[in-house]
Amino acid sequence: MVYFSLAARNLLRRKFWTALTVLGIAIGIAAIFSLISFGESMQAEVTKQVKEVIIADLFISSTTGGDLPQTLATTIEKLPDVEGVSSEFSTFVRIKDTSFMLIGLEPKEIRKLRILKIIKGRDLESTDTFSIVLSENVASKDHLNTDVGNRIKITTSAGDKEFLVIGLCEDVTNFGYVGYIPLETSQKLFDKKDKITRVLVKIKNHEKVDEATNRLQRSLGNKVNIEASKEQLTSIAEITRQLNTFMVSIAAVSIIVGGFLISNTLMMSVTQRLREIAILKAIGGRGLTIIKIFLIEANIIGILGSFFGVLLGFGFTLAIEELMPRTFGFMQVSIALSYRALAVAIGLGLALSIFFGLYPSWKASKVRPLEVLRPSYETPHRNRIYRLFLRFLEVLAYPLKILLKLFPTAARNLSRRKFRTTLTVLGISAGIASVIAIWSLGLLVQSHVIYEIKSMIGADVIVSPKAQAGPQGGSGELPISIVEGVERMPNIEKTSPNIWQIVSISGFKVVLLGIEPESYQAVGAKVNIIKGRFLTSTDDRSIILSKTLAEKLLTVDVGDRIRIDTFTGTEEFSVIGISTEAMFGPPGGEIKGSVWIPLKTAQKILGKEEKATGIYVKVKDVNKIEETSQKLKLALGKKADIVNLGQILDQVKKGIQTFWYFFISIAALAILVAALGIQNSVSMSVWERTREIGILKAIGATEWLVMKIFIQENLLIGILGGITGIVLGYVGAWELGRGFSSEMGEIYTGPIITIQLIIGGFIFAIVLAVVFGFYPAWKASRLKPVEALRYG
Amino acid sequence: MAEIVETKNLTKVYKLGKVEVPALRGINLRVQQGEFLSVMGPSGCGKTTLLNMIGALDRPTDGQVIIDGTDVTKLSENKLALLRCEKIGFVFQFYNLIPTLTALENVELPMTFANIPKKEREKRAAELLELVGLKGRLNHKPDELSGGEQQRVTIARALANKPAIILADEPTGDLDTKTGTEIIKLIKELNQKYGQTVIIVTHAEYIAKNSDRIVYLKDGLVDREVYLTQRFKS
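Protein chains in written order, with the working numbering: chain A, 70 to 861; chain B, 143 to 376.
Calculated from the structure, these hints are not laboratory results. The beta-carbon is built from N, C-alpha and C at its ideal position, and this holds for glycine as well. Keep in mind that a hint or two might mislead.
Derived lysine-lysine pairs resembling DSS-like cross-links, with alpha carbons at most 25 Å apart [unchecked claim]:
1. A/Lys361 <-> B/Lys277
2. B/Lys216 <-> A/Lys432
3. A/Lys435 <-> B/Lys216
4. A/Lys361 <-> B/Lys260
5. B/Lys261 <-> A/Lys84
6. A/Lys435 <-> B/Lys157
7. B/Lys260 <-> A/Lys432
8. B/Lys221 <-> A/Lys435
9. A/Lys261 <-> A/Lys677
10. B/Lys261 <-> A/Lys361
11. A/Lys687 <-> A/Lys621
12. A/Lys432 <-> B/Lys221
13. B/Lys157 <-> A/Lys361
Facing chain B, according to a computed beta carbon distance under 8 Å, are these residues of chain A, among others [as the list claims (entries may be wrong)]:
14. Val71
15. Thr140
16. Ala142
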């Protein structure tokens, strides 16, 4: 192991550099490690939660979103692939202000595929009739405020029924608000004898879910829709996954910068040890041997970097675990050490060190013994490809030459070390580019969401019923008579009552909005029609669908007819228009789109005659909006919440910003690594030019002059890094923006890059280069001429 | 007697910017196996260049260098490294030891290149260091050794792979006369005891007088030769 000890001792000889490089790698590895393990834990948690309560592999429901005959369950159970089935009848109900999904389940003894995690009381049994198990969130203070032993009243078209709360079960993040009652009771309650809405299926061979699904679909025909249970895990898990992929790619940038750092440090090591390498070669060391020695060195750095990176990453992960639930309202995730993350981190560290160590090692192996052992006057030999490459660079860099002319000395010194200069510049630009790209995406998302909200709501003030149950269910309601009262108040120009409710179209959950076409537009709310037309006051069974819902999910077009399922039955509508995507909840989430119908029709089919769930208000003088809000609050205080648009936008902006700051802090890690790279690179050039500095000082250069030389070089590196960073950042922003827009189904017009962002990025690059290059420059200026001259 | 080194019309021209500077202008030299040869001459006469050519550290502009029957001017870089490893041992003026390795490890290094097993390597390195009088200083690093001691390590290293030729470039140039004499004695002893061919480049007469033959170079050509012994006079 002479080679190993040679490598190790050399690293120890330059403790400072080794430490710096290891730190750089460690930061990158830490970022990757923590992101992967965080993402995995998050996904595992969601999957676990759902798996614990649903054992089924598949869900079978009606293609049209209506009911299925109960006999279907028996038919399915007899199919060869099927191991077991469970039937459910579910519908939305509302008690006071709380809407929740009421699921009719087979009692505990028969039910095979769904487990209720009871935390108080007991599960449903076959002797139960008007008994209910509520998820904890429904029973909580903010909603029904009830407990085991209490009775709750459920209103149906057939009248009110009282249920005894026999148990509370754990919430499952993905499911929202739920209550469970016996299947038979729910069928009777809604007058749907022998009808079910969903069959849960467990298949025999777990590995072959897809094949089994195909066979089931063939034998059941296309009246039913078969969905794999894992597809139901979408929303949070899917978003987390997307988020993570993105963040990992940012972390990868910092890893690459870290790789440059390895390259730089090794190059420095090669330069410092030219003489040693020459000796090794003179006494018979072959090129491969030299490569081996340097690669071992790179590997030691890689291993140490991975090790500390994993430690650091673990700490970082724990920190995320601490912060996440509070910051983002995600569920509590307990983060376990992910072996995959561990393997990726360590593998990456090694691969990186080998990859980035190759060039310096190769350079070392090409050192010619004589050039070093004895000064020679021979011009260095360079092969043709290298010369061509240089020529190519020269052509490419022609515009730069003008810039370089501004700093002639600095430019000459930097171009003496093209490779290292390139690495350093790339390091800075990678950092700057990722910040610019992410920042720009943030702006795009923000403007998109704000535009979306503005055009959807438009109104200055929104009057809504108190205590909403949230997007999972509907909400409370207001008597429509309020509208007149509101309209008579001072500073009110126009009002528009509306209703919104979650409904199901062919099994897809959508937001249904009932609106008054004229007043809706008059208050400033908008529906962006891309095909067909908007509603008019004479429309009745007409509907507008959002783009993805219409084109991708339902595959209907203007002129087609669709059916909507409500509590009381199924209603048919004709599609008159298609609109742009409207953001109600995250992409990939549970809500698949929005539909608009006339208010009167909505009131009728939802059983909310003379009711509204919200009133949009336009004021005459926007400057007095606060005052008007206050007056509305006084007048309607007990019944309604008053929110003005500014408040909503502020909240949304805040939410988005929290998110983007987190992303940017990851990108900042890349910048940190780049900073280490600058420090490294400048120090190396000081070292190389010790003799030169000595000569300068010997012939009378002041400390300031020496420092100025190096500061000019740093300045130039900063300018180059800034420019390339901005260009790369623009490309990155373009790509990220395009991805986001296609996700939203919109025409992409390019990234939002403000002039501030460009100038900021540029200045930041320069400051970075100058600040981190300052110490080595100062060191250079303090060199004593006699000592410096003795050098080399 | 077998010829171990032969140069034929050996020419080397350095380019100094656009000016061509001839260092060797056609040297014809034959060295017998076991011969102790000194190369002398004024500064810039091409002594070191000649030594570097023979040591396969550099390629000639024209002519041939034949070592043990092989024309080294035609070998690849890798083959040259192998040749240096097996046939040639270098002793430099400034010792050129690897600073991070101990004396023992420095001597082991050429044997590592030759893939000699570790145990054997260590044993031989220890023996060699004992031979050059450094018993008990095996685990010292170069900066813990005096100049003379470092040069002894270099000699031990040069002997590691039992090379046919030892090339020494001003081996005593950085040492005081007393130490220098000791070193040259050691080299001569090795030459006589083990029959290794030695070629020394030197300025010092007291070194050169130990050899079998002195070759004087002048302006890149052999000026004259003087035989001090009759052993290899053909």
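Hint-by-hint comparison with the structure:
| no. | hint | in the structure |
| --- | --- | --- |
| 1 | A/Lys361 <-> B/Lys277 | violated (31 Å) |
| 2 | B/Lys216 <-> A/Lys432 | holds (23 Å) |
| 3 | A/Lys435 <-> B/Lys216 | holds (18 Å) |
| 4 | A/Lys361 <-> B/Lys260 | holds (18 Å) |
| 5 | B/Lys261 <-> A/Lys84 | violated (31 Å) |
| 6 | A/Lys435 <-> B/Lys157 | holds (20 Å) |
| 7 | B/Lys260 <-> A/Lys432 | violated (28 Å) |
| 8 | B/Lys221 <-> A/Lys435 | holds (14 Å) |
| 9 | A/Lys261 <-> A/Lys677 | holds (22 Å) |
| 10 | B/Lys261 <-> A/Lys361 | holds (21 Å) |
| 11 | A/Lys687 <-> A/Lys621 | violated (35 Å) |
| 12 | A/Lys432 <-> B/Lys221 | holds (19 Å) |
| 13 | B/Lys157 <-> A/Lys361 | violated (33 Å) |
| 14 | Val71 | holds (5 Å) |
| 15 | Thr140 | violated (81 Å) |
| 16 | Ala142 | violated (75 Å) |
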